[in-house]
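Make a model of the complete structure from these sequences and hints.
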Amino acid sequence: MTVSNPYTLTMELTHRCPLRCLYCSNPLELVRADNELLVEEWLSIIDQAAKLSVVQANLTGGEPLAYAGLPRIIERLKKHDIYSNLITSGIGLTEMVVSELISCGLESIQISIQSASSQTAQLIAGRDAQQQKLAALKLVANSKLPLALNVVLHRHNLHEVAEIIDLAHSLGVKRLELANTQYYGFAAANMDHLLPTQQQMSDALVVYETKKNQLQGKMHLSWIIGDYIESSPKPCMGGWASQHMVISVNGTAYPCLAASAIKTLSFPSTKENTLEWIWKESPAFNAFRGFDWMVEPCRTCEFREKDLGGCRCQAFLLAGDAAQADPVCKLSPHHDLVKEKIAAAESNAVISKEQLIYRM
Amino acid sequence: MADGLENIVKESVLQMAHGVRLKDDEERQCKLLLMPECIVKLNHSASEVLELVDGNRTIEMIYSELAVRYEDDTLHRDLAEFLMDALSRGWIELKQ
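Residue numbers (this note's numbering), protein chains in the order written: chain A, 1449 to 1808; chain B, 103 to 198.
Hints should not be assumed to be uniformly reliable.
Unchecked claim - Quick list of in silico lysine-lysine cross-link-like pairs, BS3-like style, CA-CA up to 27 Å:
{"no.": "1", "chain 1": "A", "residue 1": "1682", "chain 2": "A", "residue 2": "1586"}
{"no.": "2", "chain 1": "A", "residue 1": "1787", "chain 2": "A", "residue 2": "1682"}
{"no.": "3", "chain 1": "A", "residue 1": "1666", "chain 2": "B", "residue 2": "112"}
{"no.": "4", "chain 1": "A", "residue 1": "1666", "chain 2": "A", "residue 2": "1586"}
{"no.": "5", "chain 1": "A", "residue 1": "1622", "chain 2": "B", "residue 2": "133"}
{"no.": "6", "chain 1": "A", "residue 1": "1622", "chain 2": "B", "residue 2": "125"}
{"no.": "7", "chain 1": "B", "residue 1": "112", "chain 2": "A", "residue 2": "1711"}
{"no.": "8", "chain 1": "A", "residue 1": "1660", "chain 2": "B", "residue 2": "112"}
{"no.": "9", "chain 1": "A", "residue 1": "1499", "chain 2": "B", "residue 2": "133"}
{"no.": "10", "chain 1": "A", "residue 1": "1754", "chain 2": "B", "residue 2": "143"}
{"no.": "11", "chain 1": "B", "residue 1": "133", "chain 2": "A", "residue 2": "1526"}
Unchecked claim - In silico contact screen, one side only, chain A against chain B (beta carbon under 7 Å); selected entries:
{"no.": "12", "residue": "1455"}
{"no.": "13", "residue": "1501"}
{"no.": "14", "residue": "1504"}
{"no.": "15", "residue": "1533"}
{"no.": "16", "residue": "1594"}
{"no.": "17", "residue": "1596"}
None of these hints come from the bench; they were simulated from the model. Being a predicted model, the structure only gives us computed values, none of them experimental. Glycine residues also receive a C-beta, built at the ideal position from the N, C-alpha and C atoms.
In structure tokens:
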């Protein structure tokens, strides 16, 4: 099978982070600082990625600003004309840092907030960082750097969608991404506390559509649909290892940020293999390409080319086998597991702080 | 037409949205639209239009240039539809 080249490289520079968000997509076993890749190793990865025709890079973490080699990494991406996007909490962004990032060639920055209210933000992030984040947003909105604001949505802030949009508009944000929680990493561990009711979700969507219409031409709003909402699966990542490659903190390569959850695959390392071999030849990246890996009901399903069987990580996490149909699909023999989660969300009204699992 | 875009006229000048750019991808032999967390592989006609969105040309100028290349009755409607779609997707914006 000919494998076409990846478009995007996501680089998890560090798992260190000043925040402890309940929905963090980092794996529960965080990589320690002394196992982080050296900046020279990242530069070699970028050079190899350019040869593989990668055109875009997401710099993430943890908090990527905590990684000392960040400016050199951005410069190297610029040298290869790879579009660079920094995904940050905003903690640590000063005027000086912003000018340095711009002069290195950073092309866009995404800052996240947890809520429109400091109190809810603190519950989610495990510390009070709201004022620092708002200051960072104002700073970047007034700079030359293209800015997107990201807010992860769940049962504790879906009712705030109107306030969040108004806040973004008042800060001068031109792009707002409202992303419903994806249940991997810490978000999976805290699912009972985060999964919204169906009513919450549909109410918020009505508010979003109204506001989006009102703000057309002034602010660009996007809505990322959540897990467990629809009864047909999404073609996750456009297909396993088809467009996207993730290099984790210690050099391990994955087809997506959540894939480390799949314990039955052995993921290759950039310390031992070239990026080209990892992408084209490694068993892990080839595991779910094409259609031969599929079992019933996917194997003979009329929708298989549309949804590609859904998300492999979700299949592993819920059904215990990454080759199964995504249990979100109503045709999956494991679909009852998803229905149980949705039903439980309707009654999970009480939240006890002792049960929350914050990342360290 | 939604609020905020009601002032579009043929004299309006369009530009690429902040943080969005075109890239000529030699290996894939196509034009790509690069933006935060998203890449769009453009077909030939979309890339022809977007190459004319440069912060100087008005909508009327873009239309005139394309009309020279294509003798097509539906060009006017197709272009209007494409530009509205590109505006609503956040690819391009009105120059203020």
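Hints versus structure:
| no. | hint | verdict |
| --- | --- | --- |
| 1 | 1682/A with 1586/A | 35 Å, violated |
| 2 | 1787/A with 1682/A | 17 Å, holds |
| 3 | 1666/A with 112/B | 19 Å, holds |
| 4 | 1666/A with 1586/A | 17 Å, holds |
| 5 | 1622/A with 133/B | 25 Å, holds |
| 6 | 1622/A with 125/B | 22 Å, holds |
| 7 | 112/B with 1711/A | 58 Å, violated |
| 8 | 1660/A with 112/B | 24 Å, holds |
| 9 | 1499/A with 133/B | 18 Å, holds |
| 10 | 1754/A with 143/B | 18 Å, holds |
| 11 | 133/B with 1526/A | 18 Å, holds |
| 12 | 1455 | 5 Å, holds |
| 13 | 1501 | 4 Å, holds |
| 14 | 1504 | 6 Å, holds |
| 15 | 1533 | 5 Å, holds |
| 16 | 1594 | 3 Å, holds |
| 17 | 1596 | 5 Å, holds |
Hints 1 and 7 from the list above are not met by this structure, while the remaining hints are.
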